[in-house]
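With chain X held as given, fit chains A, P, D, B and C onto it using these hints.
Protein chains in written order, with the numbering used here: chain X, 1 to 217; chain A, 1 to 217; chain P, 1 to 217; chain D, 1 to 217; chain B, 1 to 217; chain C, 1 to 217.
Since the hints were derived computationally from the structure, they do not count as laboratory data. Keep in mind that the hints are not guaranteed to be accurate.
[What the hints assert, rightly or not] With a straight-line cut-off of 27 Å between C-alpha atoms, the simulated BS3-like cross-links for lysine-lysine are: (1) D:K140 x B:K89; (2) B:K148 x C:K148; (3) D:K140 x P:K39; (4) B:K39 x D:K140; (5) X:K39 x X:K89; (6) D:K148 x P:K89; (7) X:K89 x A:K89; (8) D:K148 x P:K148; (9) A:K140 x P:K89; (10) A:K39 x A:K89; (11) D:K89 x P:K140; (12) C:K140 x C:K89; (13) B:K140 x B:K89; (14) B:K89 x C:K140; (15) D:K89 x D:K39; (16) A:K148 x X:K89; (17) P:K39 x P:K89.
Protein chains: 6
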Amino acid sequence: MAGLSVVLLAAFSALLALAAPSLAGDPDMLQDLCVADYKSLEGPLRLNGFPCKRPENVTATDFYSDVMSLPGNIGNPVGSATVAANVEKVPGLNTLGVSMSRVDYAPWGVNPPHTHPRATEMLFVLEGSLDVGFVTTAGKHFTRTVYKGGVFVFPRGLVHFQKNNSGVPAIAISVFNSQLPGTQSLAEAMPVASLPEPTDVLVRALQIDSGATVHVV
Amino acid sequence: MAGLSVVLLAAFSALLALAAPSLAGDPDMLQDLCVADYKSLEGPLRLNGFPCKRPENVTATDFYSDVMSLPGNIGNPVGSATVAANVEKVPGLNTLGVSMSRVDYAPWGVNPPHTHPRATEMLFVLEGSLDVGFVTTAGKHFTRTVYKGGVFVFPRGLVHFQKNNSGVPAIAISVFNSQLPGTQSLAEAMPVASLPEPTDVLVRALQIDSGATVHVV
Amino acid sequence: MAGLSVVLLAAFSALLALAAPSLAGDPDMLQDLCVADYKSLEGPLRLNGFPCKRPENVTATDFYSDVMSLPGNIGNPVGSATVAANVEKVPGLNTLGVSMSRVDYAPWGVNPPHTHPRATEMLFVLEGSLDVGFVTTAGKHFTRTVYKGGVFVFPRGLVHFQKNNSGVPAIAISVFNSQLPGTQSLAEAMPVASLPEPTDVLVRALQIDSGATVHVV
Amino acid sequence: MAGLSVVLLAAFSALLALAAPSLAGDPDMLQDLCVADYKSLEGPLRLNGFPCKRPENVTATDFYSDVMSLPGNIGNPVGSATVAANVEKVPGLNTLGVSMSRVDYAPWGVNPPHTHPRATEMLFVLEGSLDVGFVTTAGKHFTRTVYKGGVFVFPRGLVHFQKNNSGVPAIAISVFNSQLPGTQSLAEAMPVASLPEPTDVLVRALQIDSGATVHVV
Amino acid sequence: MAGLSVVLLAAFSALLALAAPSLAGDPDMLQDLCVADYKSLEGPLRLNGFPCKRPENVTATDFYSDVMSLPGNIGNPVGSATVAANVEKVPGLNTLGVSMSRVDYAPWGVNPPHTHPRATEMLFVLEGSLDVGFVTTAGKHFTRTVYKGGVFVFPRGLVHFQKNNSGVPAIAISVFNSQLPGTQSLAEAMPVASLPEPTDVLVRALQIDSGATVHVV
Amino acid sequence: MAGLSVVLLAAFSALLALAAPSLAGDPDMLQDLCVADYKSLEGPLRLNGFPCKRPENVTATDFYSDVMSLPGNIGNPVGSATVAANVEKVPGLNTLGVSMSRVDYAPWGVNPPHTHPRATEMLFVLEGSLDVGFVTTAGKHFTRTVYKGGVFVFPRGLVHFQKNNSGVPAIAISVFNSQLPGTQSLAEAMPVASLPEPTDVLVRALQIDSGATVHVV
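Pulled out of the complex, with its shape left as it was, chain X reads as follows (with noise of 0.2 Å):
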């Protein structure tokens, strides 16, 4: 069991480092703008969002990035690499409630299971062909694949997955309705660091014996 809890916490780290920041949400708006002031993060307290600019300090960059005109590293275990264009890189979209993600995948690369708590997502593929899915908390499955061109929807909160079916690189361009949507991988869901016996909770949720064991290359 211990081998898989290796494994597993080897996991976390190569997911973690996929992990976006934990926001999401989608606001009430009381003006046209609140353009996100950085420089309140270095104070003592925090804000659910943002608080916002003075109105004579907003200018038309706050509402601008080119952070997705270039490809995330997508060399790493999964194969995928995601760039976000959210609140914490598009100051103007404060209380907006909407964002963009770009999603480059090497041959065969996977986006592996996760959610995003406060946020559906819309999938547009601009190159190459996915095999995409979602799981309902039901347990009913829907997949199939996407082409260029394409578009696929993965409803708020639950767990989905994009995995490049071909031997050429593919891109996809999502957006969801929250300025900061947060990504929750499967690999966070098994809370094997947190308990004084953290196995346990894996053995019965797995409904392995503590016998069981993991070859690892």
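Relative to the frame of chain X, chains A, P, D, B and C by itself:
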């Protein structure tokens, strides 16, 4: 003045051809899925949104569409065409509060000033470059050029536009935090056809005397 | 065309004088009261809405205003004046999601086409009678005459107007489901001042050739 | 005690006659319009709100009402009468989250303590002057006199009242951020009729011994 | 009449002792956590809710409380005591829209008629049995007996009560869809202390002549 | 690898038996009550939530249930059983945004890692003591022991678990700000059954080579 009215009415028909249907919003989800049942449109009553298909009739295809894989027809007076992947095309979007659209621009083409009454828009430039801008309710203008790979935000309900600033075609992917954001064009904002002496309202609004004339080529 | 630009820019200044500040919405209440503390406007940061006064400093006067007891100045080009009792005048409205305004109309005066980006408006005719109307995002016009004691509804985000249809002054009481609904006038919707060659956008939008001219008395 | 019960039961019927129907709220809009189809009330099921008329059946009159042009009958024990222009009278208000009412007051007439469970109220004094007030959940009272042309705010869900403080009639226009706010009077708050020995609850609530009596003229 | 006022004022103080603080609601979450920083209460301004602790200062204890492990003091006139585990006791509840409370009842004890302005309540009977009920805004009463292990629902904003219907103590666990639902008791609904001649309002509301008297043992 | 898949598929069936139906949310209330009419489930269409019974058919029993008075069957592989009092059992909860459940734990029993996509959970320990925890989207773990009478909060959408940390049975009462929160278990998060070569996704997600094996006793 009558001349101007005629011109505007002509502009209406051109722009109305581009107007998306009039739905928009972000409902509260009471279940994982509420896939729109288009058959309900034949009934005597309508809902705010759509009723749901029975779960046993839902398939992965309800969450998929290839409508954005081809450009719209940009052979129109303004030189742009929008193809929307919203709840009218992707029934699985019902109650999920998000949608996308693809906008193609002819050289120097314009997506004329318009609003989305109940959605914020985030635009990603896929090809070419665009001059974009929006106006706040205080009358402040925010404009800039967005190059390939760049994003820009148009806050909910505010008038905005895009213009292809070069002689080569351009393409944008727009996203909305609404299942069907709706589009109200500036021309529709002129209620020329709606009063006993409609031109009076326009004259007062634009501060033009009744003798004003506009020559059309 | 330059002539028209000049006229429109003149119209802007006239209409901007009527534009309410750019706030609107309907927040979630987390407490009975959150009376706006205007002093916070002096600080470096702003919120989406206002912070609250300390409870011990709140008095009944925070929920009261007599600002609507007198008419605004209707001596302007459009012949109407709006006096708003919103969160900027009644601090107790903060977080409560409602506000009112009084509109006075000169004989044949017009409240020009405009939108409230984040509020529905319901209008009550206190004196005189008005021709009113709004336009849906599908371009359908709904208009009628409203007599003294009558009410009419302008749905959230849609362009609407009122016109005094007689030679005697008129008064209306308008209500909004927002603490500060904001107003975006049709004229502001024309981004003449915001592009390298702004008139291009207008020409494409209105389908007017560059030779068009407008004569002003 | 029984005597007091009788008196209260008498008060109920008087106050119930003033109670508005029990709806209130502020839904999410998924389309420009969802005009209530009253015919649906004949069906076996109801919705949270109303279903919509088919768009082709909607007319400008759906957004209009003259119900507030005449006063209600103030010939009742409390000396006030409310006429509401809500979604039951103005079908176009459905899903739009706002409504109005007109309150007429006899000399020294009272609109007795009541709550609107799901709406904030803002009151405009059209004629005369009123003593008004509300109570917070912490038991703090906010009261003052509002003169002709003045406004006052009653925060969502809190008990409030108005009293004509002079010997001449008064009129108020009230607005709500709900399509049908509902009214729960103080008298209804006493569940005298609802228990095996109802007076027990009242005795414990009011700390009155069973021997208490009230003499009615 | 003065006698009744005195009795009511006495009841106020008894009931005020039971009133929870005046907060309630269900905000939009923009991040996983926004743990209330109580230190902010020392500052000059307040928010709608609380600002958040810096993430590095959050611990598991912020999400824990044992306040409900002991009963409140039921040695009061009404014979019930409420202990709340809300955002004022569990800082981790801030922005999460839920809270609980424990109610202990003396034999035949009453939780007097009250409302929670911004929350629905669901009650679970842990020990004993209760007669419970609520009243709709249309004045319809819904009441029944709930035995050990049973649950009952009190819809948002409506007046409701519970009464121990036996000679043995009872305990209930109540839950709310608000981080701090607030409680407004029926007694607070009587603004006796808030007008120049307060008793006038009560006389008109209860239809009692000024000569009415109440004898207290 | 195939071995592990088999084990996981076995775990699925065990965990699926514990999964609550897939509804959750917090709607806007437009009326006091909208009691779910279960008969509507026989019709061709479904709503987001339920339609309402006609008011004349609503009784107090619609707001009552004794389903939580008895434990579920804990004779299952994970050693815990959940009994839910949600809108499927208590029709009066429809549109009210709250529900409860009872969880019974065998000695050392586990409620395996899971999420509620659209609700925050607050747990009250009725008997025994539990080790509990949740994981943020940033991968931070918050865990502790909760003793009899203690409460703990699991923020909306985040993976969490409970484990009976002793040899005696335990009982918890959980509450949700949703009428039907839904449950997605960790096992369902592994889409083993949903791809052409499903194990590939798992291999990439867990970083296990295809030669990995798991021995089951």
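We went through each hint and held it up to the structure:
| no. | hint | result |
| --- | --- | --- |
| 1 | D:K140 x B:K89 | holds (22 Å) |
| 2 | B:K148 x C:K148 | holds (19 Å) |
| 3 | D:K140 x P:K39 | holds (24 Å) |
| 4 | B:K39 x D:K140 | holds (24 Å) |
| 5 | X:K39 x X:K89 | holds (14 Å) |
| 6 | D:K148 x P:K89 | holds (18 Å) |
| 7 | X:K89 x A:K89 | violated (31 Å) |
| 8 | D:K148 x P:K148 | holds (19 Å) |
| 9 | A:K140 x P:K89 | holds (22 Å) |
| 10 | A:K39 x A:K89 | holds (14 Å) |
| 11 | D:K89 x P:K140 | holds (23 Å) |
| 12 | C:K140 x C:K89 | violated (35 Å) |
| 13 | B:K140 x B:K89 | violated (35 Å) |
| 14 | B:K89 x C:K140 | holds (23 Å) |
| 15 | D:K89 x D:K39 | holds (14 Å) |
| 16 | A:K148 x X:K89 | holds (17 Å) |
| 17 | P:K39 x P:K89 | holds (14 Å) |
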